[in-house]
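When you get a sec, could you build the whole thing from the sequences and use the hints?
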Amino acid sequence: MNARVGVYVCECGNNISDQVDIAALVPMLEGAPGVVKVMSHRLLCSKEGQEFLAEEVRKEGLTHLVVAACSPRQHLPTFMEVCKRGGLNPYLMQMANIREQCAWVTSDRHEATEKAARMIRAAIARVVRQAPLPEREVEANPDVIIIGGGLSGTVTASMLAGPERRVHVVDRNPALAVALTSLKGVETHGGCEVEAVRGFFGNFEVELASKGSRQEVRVGAMVVCTGSRAMTLQEMGYPGSEAPHVVVLPQDPESLRPYLDALPSGQPKVMFVHCAGRERVGYCSGVCCLRSFKAMRWMAETAPNAQLSCLHQDICVPGRDGEREYQGILGIGARMTWGRLTALAQQGPQVTVSFRREDGSIGQDAADLVILVPATVPNHGARALIDIIGVEAGPAGFVEEAHPMLEPVSTSVKGIYVAGSASGPRDGRATSLLSLAAAAQIAAELRPGKTLRLEAQTSQVCEALCTGCRNCMTVCTYGAIEYDLVAQTCRVNETICRGCGNCVAACPSEAISVKGATYQQILQEIKEAVR
Amino acid sequence: MTRNGDILIIGAGIGGIQASHLLSKAGHQVHLVEKTAHIGGTSIKFEDVFPNLECATCMLSPLEQELLQDPNVHLLTLTEVAGLEGGPGDFTVRLRQRARYVNLENCIGCGACYDACPVSAINEFEEGLSQRKAICIPCAGTLPNVPRIDKEVCIRFKGQECVACQQACMFEAVEYGQEDRDIELKVGAVLVAVGSGTMDVRELPHLSYGVHPGVFTSLELERLNASNGPTEGKIQLRDGRAPNRVALVHCVGRRERTLCSGVCCRYLLKFRHYLRHKLPCAEVLEFHGDLCLPNKGDQRFLGEMAPDGEGLVRAEVVRIEVEGDYLKVIHRRDGREAIETVDMVVLSPALTPPKGATELARTLGVALADDGFFVVNGVASSRPGILILGGASGPKDIRETVVEALAAAGGACKAVMEGEDGK
Ligand SMILES: Cc1cc2nc3c(=O)[nH]c(=O)nc-3n(C[C@H](O)[C@H](O)[C@H](O)COP(=O)(O)OP(=O)(O)OC[C@H]3O[C@@H](n4cnc5c(N)ncnc54)[C@H](O)[C@@H]3O)c2cc1C
Ligand SMILES: Cc1cc2nc3c(=O)[nH]c(=O)nc-3n(C[C@H](O)[C@H](O)[C@H](O)COP(=O)(O)OP(=O)(O)OC[C@H]3O[C@@H](n4cnc5c(N)ncnc54)[C@H](O)[C@@H]3O)c2cc1C
Ligand code: SF4
Ligand code: SF4
Ligand code: SF4
Ligand code: SF4
Ligand code: SF4
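Chains as they are written, first to last, in our numbering: chain B, 4 to 534; chain S, 245 to 667.
These aren't lab readings, by the way, just hints derived from the structure by calculation. Keep in mind that a hint or two might mislead.
To be clear about the criterion: a stretch of chain B counts as covered by chain S if any three or more of its residues have a C-beta under 8 angstroms from a C-beta of chain S, and this derived list gives those stretches [as the list claims (entries may be wrong)]:
#1 9-23
#2 57-68
#3 240-253
#4 284-292
#5 313-322
#6 496-503
Think of the CB as a built atom: it goes at the ideal place given N, C-alpha and C, for glycine as much as any other residue.
Shown next as C-alpha cells:
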C-alpha cells in the first residue's frame with residue numbers, strides 16, 4: 004500500500020504563527036514524498052482541534068501522520084490518543100516541535116519558516132519509514148518473595164499478604180519471628196538462601212537452597228530486606244581495640260549491664276566514642292548519634308554515679324527528636340569533646356583513648372569503660388546476593404536505589420525492590436516507612452488479575468550483522484540481552500527491554516536498533532533537515 | 245457499608261504529587277487540593293537539588309506534566325479544605341475553591357495577557373525579589389501554565405474599568421464572571437502533604453535581615469540562582485552588584501526551635517556549587533557548627549563542595565553588624581570573638597510547621613504536637629483514615645518526603661479497604 008501522509012501544522016494561537024509564516028510554509032511541504040494533505044489549524048490540542056484531527060485521519064485514510072506543533076513533552080500523549088481515535092496506530096505519528104525548537108528561539112521570520120519546513124520534512128522522512136507497533140501486555144504473577152525476615156521483611160509481608168497475593172519470606176536464619184510465621188497468606192522459608200533468579204518483572208523464578216534441599220518459587224516481584232549490621236572491632240581496626248574494657252554499643256543497651264557491674268566503685272568513667280569506623284567506611288551512618296544519646300540516657304539512669312563523657316565528631320541529629328535528646332544529654336552534664344578516635348590502649352584498670360582534634364593536634368583521655376558507637380555496614384553476604392539477583396550496588400556495598408530521591412524503594416532491575424536498611428543505615432522508623440513504601444509500590448504496580456503493559460519501542464538485533472561480541476550485554480542495565488550459544492549472536496528479550504538505546508550505541512556492527520529510531524530513519528531525518 | 249475508594253490529598257508539592265501518582269496507578273481516583281494556583285510546592289523553586297545536583301526542573305516537570313494528564317487525578321488549585329466529617333472509607337469533605345478568572349481549558353499559556361496588565365505587585369513566589377502583574381503565573385515553567393487574576397491587586401476588582409487582559413487574550417480564556425465555589429466530595433481517606441514553612445528571620449534581629457540589603461534567606465538565594473528567577477540566574481546583591489565575599493550561616497534558629505532542620509547543611513553545600521559556578525572569583529565562608537550529613541553519599545558531597553575544608557569556619561555567629569555597604573560577621577571561634585567582613589550573607593532559617601497548620605489541624609480534627617508539627621506515628625495521624633507525609637510532620641528532604649508519600653498512599657489504600665478497624 005502506498006503511504007498517505009497527512010501533515011498538520013498548528014499555529015498555536017499566535018505562538019507559532021507570529022514567527023513562522025504559515026501561509027508560506029504549507030506550500031513548501033506539499034509534494035513531499037507520500038504527502039497527500041497539508042493543512043494548518045489554529046489550535047490542534049484544543050478539544051475541537053483533536054476532534055478535527057481524528058476525523059481527518061479517518062476521512063483521508065491516512066497511513067502516517069505528522070503533527071507540527073509544540074514539544075512532544077507537552078502533547079505527545081494527546082496526539083497519540085488522537086491517532087487511536089482516528090483508527091491509526093499511534094506509532095505512525097511523528098511530532099515536529101516547531102514551537103520550542105523553532106518559533107520561540109528563531110528571531111528572523113524568514114529563517115524560522117525555512118527551519119520549520121526542514122523540521123517537518125525531516126519528520127515526514129522519518130515517519131514513512133516507521134512500522135506500526137503493537138501495544139503489548141503480559142500476564143503477571145501477583146505473588147512476592149521477600150528476602151530477609153527482619154523488621155522490614157515482616158512489615159512488608161504484613162502489608163502485602165492477602166487472599167489474592169501469596170508472600171514468601173526467605174531468611175538464612177532458620178528461626179523466623181512468630182510475627183511472621185503466624186501471618187495469613189505468608190509462607191516462610193527459614194534457613195534458606197537465594198541461589199539463582201531467572202525471568203523478569205511479573206514472572207520471576209527464584210531458586211532457593213537450604214542445607215541439602217532446593218526449591219523453586221514463582222513470583223512477580225522481589226523485595227530485598229536483608230538489613231545491615233554493626234561494624235566489628237576488627238573491621239574498624241583501631242590499635243588496641245582488643246582491650247577488655249572496650250565494647251561496641253549493642254542494639255539493646257541492656258546488654259551492657261555485665262560491663263556496668265564490673266565497673267569500679269566510686270565514680271567510674273564511662274566514655275562513648277562516636278563515629279567508630281566512620282573513616283574506613285567513608286560515610287556518616289546518620290542514625291548512631293541519636294542511638295548513642297539514648298544509650299547515654301539509659302546509662303545515666305542505670306548507673307547514676309558514672310561520669311559520662313562523649314568523644315564525638317559533628318553531631319548528626321536531624322529532625323524533631325534528635326535535638327531534644329542532644330540537649331538532654333548536655334543537661335545531664337556529659338562531657339563532650341570533639342575528636343576522631345585514633346587508638347585505644349588498656350593501661351592498668353583504665354583504657355587510654357587517643358584522638359585527633361580538628362586542628363590536627365592529638366588529645367588523650369582515659370576511662371574505665373569505652374563504648375564504641377559503630378558504623379552501620381551492609382549485612383554479611385550482601386555482595387553475593389546483589390550479584391545473584393543482578394541489582395546495582397553503591398560504593399559502600401548497599402543496594403543502590405533506582406533514583407536517590409524519586410524511586411527510593413526501586414532498584415536497577417524492574418520488579419526487584421528494596422526496603423529497610425539493605426539500602427543504607429536506617430533507624431526503626433525509617434525502616435518501617437521504607438517497608439510500607441515498598442509494599443505500596445508493589446501493590447500499585449503488580450495488581451492481582453491485571454496484566455503488565457510492556458514498552459512498544461524495544462530494540463532488536465539483526466542476527467545477520469551481529470558478530471556476538473556481547474558489547475551490548477555489558478551496557479544494558481536491565482539485563483534484557485541474552486547470548487544465544489548456538490547461533491552465537493545476541494538476542495533482545497522484548498519483555499524486559501525498555502528501549503533506552505544504550506545497546507544501539509555500544510554495538511560496533513550496527514546490528515541493533517530501537518524500533519521507531521532505526522539508523523535509516525535517523526539518517527533520512529538528518530538528510531532532510533540539512534538538505 | 246460500601247467504602248469509598250477516592251482519596252483526598254491536601255498539598256501538591258513533591259509529596260502530594262508522588263502520592264497521587266501511586267494511588268492513580270493503584271486504581272484510585274485522587275482529588276488533589278492545592279492552596280496556590282500552581283503545583284510543585286517548594287522544590288520547584290530550586291535550580292538544582294542535593295545530593296546529586298540534579299536539575300530540579302528536569303526531575304520534577306515530567307512528573308507534573310504526567311499528573312496534569314492523568315485522568316485519575318482531579319486537580320483543584322486555589323482550593324482549601326473547609327470541613328471534614330466521617331471516618332475511614334466514608335469521609336465527607338467540604339472544599340472552598342477561589343476563582344481563577346481564567347478558563348483552564350481555553351487558555352494555552354501564551355502570556356499575552358500579562359504584558360497587557362497595567363498593575364504591578366510584589367511577587368511572593370520570588371520571595372519579593374521581583375514584581376509581577378495582577379494576572380500572571382508566578383514564574384516561567386510553573387504548571388498548570390495558566391495564569392490567574394489576583395483579585396487583591398487587580399484594579400477591575402477595585403471598581404475600575406479595566407479589560408486589558410481580556411482584550412489581549414485571543415482565546416476567550418479570561419472570564420471575569422467566575423465565582424468562588426463550594427465543593428463537597430466523598431472520599432475514603434485523606435493525605436496531608438502541606439510541607440514545612442521557614443522561620444521568619446526577623447525574629448532574630450541580631451542577624452540584620454531586613455536592615456541591610458546584603459542579607460538574604462536561603463530561599464531568596466535559590467531564586468536568585470534560578471534561571472527562571474528574578475535575575476535569570478545571576479547571583480547578585482539587591483542593587484545589582486556581584487558580591488565578592490559571601491558568608492553562609494548555618495543553624496539559624498536551631499537553638500530557638502530546639503530543632504536541627506536536617507536539610508540546611510546539605511543545601512548550603514549546594515549553594516557552594518551555585519556560587520562556584522556563577523561567581524568563580526567570590527570568596528565563600530561557611531559559618532557552621534555540627535555538620536549534619538546523614539546519607540551515604542553526603543560525605544563525598546562535602547568533599548566535592550569544600551575540598552580540604554576550604555571555606556569552612558567552625559564558629560557560632562554572634563551577630564551581624566552593618567558597616568556601610570559591608571556586613572561584619574561577628575563570630576565566636578574557639579571561645580574568642582572574631583570578625584569577618586563580607587558583602588553578602590545567606591541565612592539558613594529553621595524549617596517550621598507549615599503556615600495555617602493550626603487551622604488545618606482543627607478542620608481535620610487531628611492533633612498537633614507542642615512544636616506545631618502534625619503528630620504522627622509513622623505516617624498515621626491521630627485520627628484514623630488521615631495520614632500525614634513530608635514536611636508537615638517535621639523537616640524532611642525530598643527523598644524522605646517521597647518515601648513517606650508512598651507509605652501514606654499505601655496506608656490510605658488500607659484505610660479505604662478496612663475502615664476504622666484498619667491500622
Ligand atoms: C547495632 C545496631 C543498633 C540499632 N539500634 C537501634 C535502635 O536503638 N533504635 C532503632 O530505631 N533502630 C536501631 N537500629 C536499626 C534497626 O535495627 C534497623 O533499622 C532495623 O532492624 C532494620 O531492619 P531490616 O529489616 O532492614 O534488617 P534486619 O532487621 O536486620 O533484618 C535482616 C534479615 O535478613 C536476613 N538476611 C540477611 N542476609 C540474608 C540473605 N543473604 N539471605 C537471606 N536472609 C538474609 C537476616 O537473617 C535478618 O533476619 C540499630 C541497628 C544496628 C545495626
Ligand atoms: C532553601 C531550601 C533548599 C532545599 N534544597 C533541597 C534539596 O536540594 N534537596 C532536597 O532533597 N530537599 C531540599 N529541601 C527540602 C525540600 O524543599 C522539602 O523536602 C520538600 O519541599 C518537601 O516536600 P512537601 O511535598 O512535603 O512540601 P512542599 O514542597 O512545601 O509542598 C507543600 C504544598 O502544599 C501546599 N499547601 C500548604 N498548605 C496548604 C493547605 N492548607 N491547603 C492546600 N494546600 C496547601 C503548598 O502550597 C505546597 O504546594 C530544601 C529546602 C529549603 C528550604
Ligand atoms: S555517630 Fe553521629 S556523626 Fe558519627 S557516624 Fe553516627 S550519626 Fe554520623
Ligand atoms: S534498548 Fe536498553 S533496555 Fe533494551 S536491550 Fe538495549 S540497552 Fe537493554
Ligand atoms: S483586569 Fe485586572 S488582571 Fe486584567 S489587565 Fe486589568 S488589572 Fe490586570
Ligand atoms: S489567558 Fe489568554 S492571553 Fe492569558 S495566557 Fe491564557 S491564553 Fe494567553
Ligand atoms: S541541618 Fe545543619 S545547618 Fe541545618 S540545623 Fe542541622 S546542623 Fe544546622
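Exercise. Return the numbers of the hints above that this structure violates; sort them in rising order.
Key: 2, 3 and 6
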